[in-house]
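Undergrad: Please build the complete structure, drawing on both the sequences and the hints.
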Amino acid sequence: MNRLVLGILGVVAALVIAIGAVFILIIARDGDEEEGAEPQRTEEAEEPRQAGELRLSGADPITLDPALATDAASAAYIVEIFGGLVTLDRDLNLVPDLAAEIPTRENGGVVDNPDGTVTYTFHLRPDALFHDRRPVIADDVKYSLERAVDPRTGSVVAETYLRDIEGARDMARGRADEISGIEVVDDLTLSITIDSPNAVFLYKLTYPTAFVVDQRQVESNPRNWTRKPYGTGPYKMKEWRLGQRITLEANEDYHLGAPQVKTVRFLLAGGSILTMYENDDIDVAGVSVDDIERILDPSDPLNLEYVSGDELAIDYIGLNVNVPPFDDPKVRQAFAHAIDREKIAEVILKGVIPVADGLVPAGVPGYQGPSHALEFDPEKARQLLAESTYEGPENMPTITLAESGGGATVGPTSEAIIEMWRENLGVEVEMQQAEAATFFSDIDQGRYQMFHLGWIMDYPDPENVVDLLFYSTSRQNNSRYSNPEVDALLEQARGELDQQRRFELYSQAEQIIIDDTPWIPLFFSRSHDLVKPYVKGYIFPPIVIPRLRYASVEQ
Amino acid sequence: MQGILTYTLRRLLWAPLILLAVTFIAFSITRYGPGDPISVISGQFRDPEAFERVRAEKGLDKPVVQQYGIYLKNVFLEGDLGESISIYRGVPVWEIIWPRLLVSVQMGLIALIIAFALGIPVGIYAALRQGTWVDPFSISTFLLFQSIPALVAVPFLVLIFALKLDWLPVGGWDGPTVELAGQKIALGILSKSIVIPALALSLPAVAGIARLTRATTLAVLGEDYVRAARAKGLSEFTVVSRHVARNALLPLVTVIGLSLVTLLEGAFFTETILGIPGIGRLAFQAVTSRDYDVILALVLMLGVAFILANILIDIAYTFIDPRIRYERREAT
Chain A
-17 MNRLVLGILG VVAALVIAIG AVFILIIARD GDEEEGAEPQ RTEEAEEPRQ AGELRLSGAD
43 PITLDPALAT DAASAAYIVE IFGGLVTLDR DLNLVPDLAA EIPTRENGGV VDNPDGTVTY
103 TFHLRPDALF HDRRPVIADD VKYSLERAVD PRTGSVVAET YLRDIEGARD MARGRADEIS
163 GIEVVDDLTL SITIDSPNAV FLYKLTYPTA FVVDQRQVES NPRNWTRKPY GTGPYKMKEW
223 RLGQRITLEA NEDYHLGAPQ VKTVRFLLAG GSILTMYEND DIDVAGVSVD DIERILDPSD
283 PLNLEYVSGD ELAIDYIGLN VNVPPFDDPK VRQAFAHAID REKIAEVILK GVIPVADGLV
343 PAGVPGYQGP SHALEFDPEK ARQLLAESTY EGPENMPTIT LAESGGGATV GPTSEAIIEM
403 WRENLGVEVE MQQAEAATFF SDIDQGRYQM FHLGWIMDYP DPENVVDLLF YSTSRQNNSR
463 YSNPEVDALL EQARGELDQQ RRFELYSQAE QIIIDDTPWI PLFFSRSHDL VKPYVKGYIF
523 PPIVIPRLRY ASVEQ
Chain B
106 MQGILTYTLR RLLWAPLILL AVTFIAFSIT RYGPGDPISV ISGQFRDPEA FERVRAEKGL
166 DKPVVQQYGI YLKNVFLEGD LGESISIYRG VPVWEIIWPR LLVSVQMGLI ALIIAFALGI
226 PVGIYAALRQ GTWVDPFSIS TFLLFQSIPA LVAVPFLVLI FALKLDWLPV GGWDGPTVEL
286 AGQKIALGIL SKSIVIPALA LSLPAVAGIA RLTRATTLAV LGEDYVRAAR AKGLSEFTVV
346 SRHVARNALL PLVTVIGLSL VTLLEGAFFT ETILGIPGIG RLAFQAVTSR DYDVILALVL
406 MLGVAFILAN ILIDIAYTFI DPRIRYERRE AT
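Chains A and B, in that order, give the protein sequences.
Under our numbering, read the first sequence as residues -17 to 537, first letter to last.
Under our numbering, read the second sequence as residues 106 to 437, first letter to last.
Hints listed in this document are in silico derivations from the structure and should not be mistaken for laboratory results.
Any given hint could turn out to be false.
[Unchecked claim] Once the Cα atoms are required to be at most 25 Å apart in a straight line, the calculated DMTMM-like pairs of lysine to aspartate or glutamate come out as:
| id | chain 1 | residue 1 | chain 2 | residue 2 |
| --- | --- | --- | --- | --- |
| 1 | A | LYS244 | A | GLU536 |
| 2 | B | LYS269 | A | GLU221 |
| 3 | B | LYS163 | B | GLU183 |
| 4 | B | LYS167 | A | ASP424 |
| 5 | A | LYS124 | B | GLU154 |
| 6 | B | LYS269 | A | ASP279 |
| 7 | A | LYS518 | A | ASP235 |
| 8 | B | LYS269 | A | GLU234 |
| 9 | A | LYS220 | B | GLU284 |
| 10 | A | LYS220 | A | ASP53 |
| 11 | B | LYS167 | A | GLU412 |
| 12 | B | LYS167 | B | GLU154 |
| 13 | A | LYS210 | B | GLU154 |
| 14 | A | LYS514 | A | ASP297 |
| 15 | A | LYS210 | A | ASP53 |
| 16 | A | LYS220 | B | GLU188 |
| 17 | B | LYS163 | A | GLU417 |
| 18 | A | LYS210 | A | ASP177 |
| 19 | A | LYS514 | A | GLU231 |
| 20 | B | LYS163 | A | ASP497 |
| 21 | A | LYS124 | A | ASP235 |
| 22 | A | LYS210 | B | GLU328 |
| 23 | A | LYS325 | A | GLU412 |
| 24 | B | LYS289 | A | GLU221 |
| 25 | B | LYS163 | A | ASP424 |
| 26 | A | LYS244 | A | ASP109 |
Just so you know, these numbers come straight off a predicted model, no measurement behind them.
TA: See below:
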């Protein structure tokens, strides 16, 4: 018996020694390599950068199925691999993708029917191919849109984007097997009929939900096709190793011109992005506000590689207008006037994040927001609070500001805001943190008095904020705001064909909403990135659009 | 030998019941807790009607008891652990867990080996120096490591070895890759990325092993045969290595199982902080994104691992200690 045990122990001991020895050897070897001033490299980067290759850090996509994607991380890959009828160019203009041209009333592509519906006719490009070189035909478009809406696909966004199409809602509810408003005229012609005139309908088609997938591929491999999907986009999926890397390869047959960068590798493993950038493991790196001071210092070598760009997103505090004390507009205004956002931007956000002067992020092409924002005015704030039904800070119910977080520390911005309310209004506000899943479901159910949240625009039109988030019966109206005057303006804007007039209506509605203050807008979003000097044309668009095909890498 | 067989069989018969209880508790917690995977993947698209439809499509609108029944049927009768919803939508759970498990196993193995390789000599040494300052000092040093939670230890190790000394990577998981069952697995044990996690996981486990070794060594040191060996004039080294260690180390087999607990506990934080794609980080991800099937599969897997480890240890006992005979228990 003892011999057996001794044997086992012997094997264990041998294993310890063997692994220990290998271990020491490896460490010693790695150490030697380092003496040659060779910077530490990750496994991915051990192969030297190939000519024309771009290395980026990325997040793992939840899905590469365009019908299902809802998050920016997934969308960033999907817009490169897939395409739809129309897309946005780098200046956020609507441009044709699979369609040969944008249908308009002038070119006869948009026809107003007598019953109030509107029919869009799309002529497809004859040279558009899937990645397996099969030409795209009108049936593919119809299949893709219907698949997105089909309840069996399980998309939570399809209806948001495609609901305007006649019959789409019936199909989403399982009452129809196809979308009645989509008609295949011939192989290269497709007509889509929507319920009523809608100026943003084409914008909605630029979102992944409306992208075209390869029916044959999806149906032959319904469970796994997204691992190497055939889209129509500028890049093809070469390899996706879950959690490790995604490699995209240029689509040489791309109908809008083959991209210049032939291989794009996304490292998904995470880690310190800035360190990886400094070690030349990646060519582009996002910079957090914590690192920004160092980068902005002109004496830092990285300063020359710094790029920033505005994003169409807003950070705000939502006030539930149905719950005391925010059921009184004067209280809401008082809370807004008591926050010195300029100071927070300067001190906490290091002066690199723009203060939100309205609800619609600056940078929507052609849109001029209202002029009057709720400026910092502690005097006025106190006065408004005294005039409110609560007659001052003493009669306030307990107020809690909710935010998403782990509960360990409050975000510095929230902390500063609470301090400003205490100082300028004499109101004590408590902080509550919930992890994201709980936080969102509690907002849905109207459980919070006030919540710190953000909104990322899906397409560059004020409708995506002013109508979607504040129309009284909109499902996305998380502050429960309701104002008949605003509703009337929004309804009018939906049917308005004149772009300038339409934007004016949104601007008017936005002003009323700002004054009613269901939201306290805080900051707009700005990206901060470093780009290696040999990378040219790498853009930082305000929303997720196909961007890689504009880039090139010099050797 | 037959006794062991029936004993093992009896233990194995209990296993499904234990797993049933474990999955039921885990299942209830996921279904009754706030939030669900559909709500998580929706991000800023808050469309309650669409949520309901997708929930119905995934069978999440059925009564919880019925959902549990379906789950059990899929797992135990069809071997289908389900698919991810909010981590990799539609990807089979096993395909997500398998490569991560292989990463965690590499870490656990190295940590276990380090823990024993450090714990045993420290324990024996402390026992031999009983009564001097060396004994309490050596043991309490490792007790200190045991008391430092991974949440503190990992950033500390990163600060020293990665940021200050720049010897080791800040995090991540590298190494040469091998293809295993269709998955490419990075052999982190052959790279520097193993060092910090292995240290963070093994150091807290050393104290337990060292203390047990010390206790058993002390017991053995008082035995007659040790005195006899000394009387024969054998060198101290021979006495310790041949006569003391051989007998003192046997009970250590039992703590391998316990060490496993410590390791798994640590892996949760260590992997999350260091960004290592193992099951600890996956568990964290699965819980925060409410990926029901992934959470349940991990719970189930750990349950199976613990049951198997315990049975194996019990069996190992009979080999190690002839006094333990499982058939005797049956006879009474």
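Undergrad: Each hint should be assessed against the structure and marked as holding or not.
TA: Each hint, compared with the structure:
Taking the CA atoms of LYS244/A and GLU536/A, the gap is about 12 Å. The hint holds against a cut of 25 Å. Pair hint LYS269/B plus GLU221/A does not hold up; C-alpha atoms about 36 Å apart against a cutoff of 25 Å. Taking the CA atoms of LYS163/B and GLU183/B, the gap is about 18 Å. The hint holds against a cut of 25 Å. A C-alpha spacing of about 22 Å is found between LYS167/B and ASP424/A, which places the hinted pair at or below 25 Å, so the restraint holds.
Of the supplied pair hints, the one linking LYS124/A and GLU154/B holds, its CA atoms being roughly 24 Å apart against a limit of 25 Å. For the hint pairing LYS269/B with ASP279/A, the CA-to-CA distance comes to about 23 Å; that is within 25 Å, so the pair holds. The hinted pair formed by LYS518/A and ASP235/A meets the criterion: a straight-line CA distance of about 22 Å does not exceed 25 Å. Proposed proximity of LYS269/B and GLU234/A is contradicted: the alpha carbons are some 47 Å apart, above 25 Å.
In summary, the hint linking LYS220/A to GLU284/B is supported, as the alpha carbons are separated by about 18 Å, within the 25 Å threshold. Proposed proximity of LYS220/A and ASP53/A is supported: the alpha carbons are some 22 Å apart, at most 25 Å. The hinted pair formed by LYS167/B and GLU412/A fails the criterion: a straight-line CA distance of about 38 Å is larger than 25 Å. Of the pairs offered as hints, the one joining LYS167/B and GLU154/B holds, with about 16 Å between alpha carbons and a cut-off of 25 Å not exceeded.
Of the pairs offered as hints, the one joining LYS210/A and GLU154/B is violated, with about 31 Å between alpha carbons and a cut-off of 25 Å exceeded. Restraint check for LYS514/A and ASP297/A: the C-alpha separation of about 30 Å exceeds 25 Å, so the hint is violated. Among the hinted pairs, LYS210/A with ASP53/A is consistent with the structure: their alpha-carbon atoms are about 19 Å apart, no more than 25 Å. Simply put, LYS220/A and GLU188/B have alpha-carbon atoms about 24 Å apart, close enough for the 25 Å limit, and the pair holds.
Straight-line distance between C-alpha atoms of LYS163/B and GLU417/A comes to about 24 Å, which keeps the hinted pair within the 25 Å bound. Between LYS210/A and ASP177/A the alpha-carbon distance is near 36 Å, which puts this suggested pair outside the 25 Å criterion. Distance restraint check for LYS514/A and GLU231/A: the Cα-Cα separation of roughly 21 Å lies within the 25 Å cut-off, and the hinted pair is therefore satisfied. Between LYS163/B and ASP497/A the alpha-carbon distance is near 43 Å, which puts this suggested pair outside the 25 Å criterion.
Distance check on the hinted pair: LYS124/A and ASP235/A sit about 23 Å apart at the alpha-carbon level, within 25 Å; holds. At roughly 68 Å between alpha-carbon atoms, LYS210/A and GLU328/B are farther apart than 25 Å, so this suggested pair is violated. Under the criterion of a C-alpha separation no larger than 25 Å, the hint pairing LYS325/A with GLU412/A is consistent with the structure, at around 21 Å. In summary, the hint linking LYS289/B to GLU221/A is supported, as the alpha carbons are separated by about 12 Å, within the 25 Å threshold.
Straight-line distance between C-alpha atoms of LYS163/B and ASP424/A comes to about 22 Å, which keeps the hinted pair within the 25 Å bound. Restraint check for LYS244/A and ASP109/A: the C-alpha separation of about 21 Å stays at or below 25 Å, so the hint holds.
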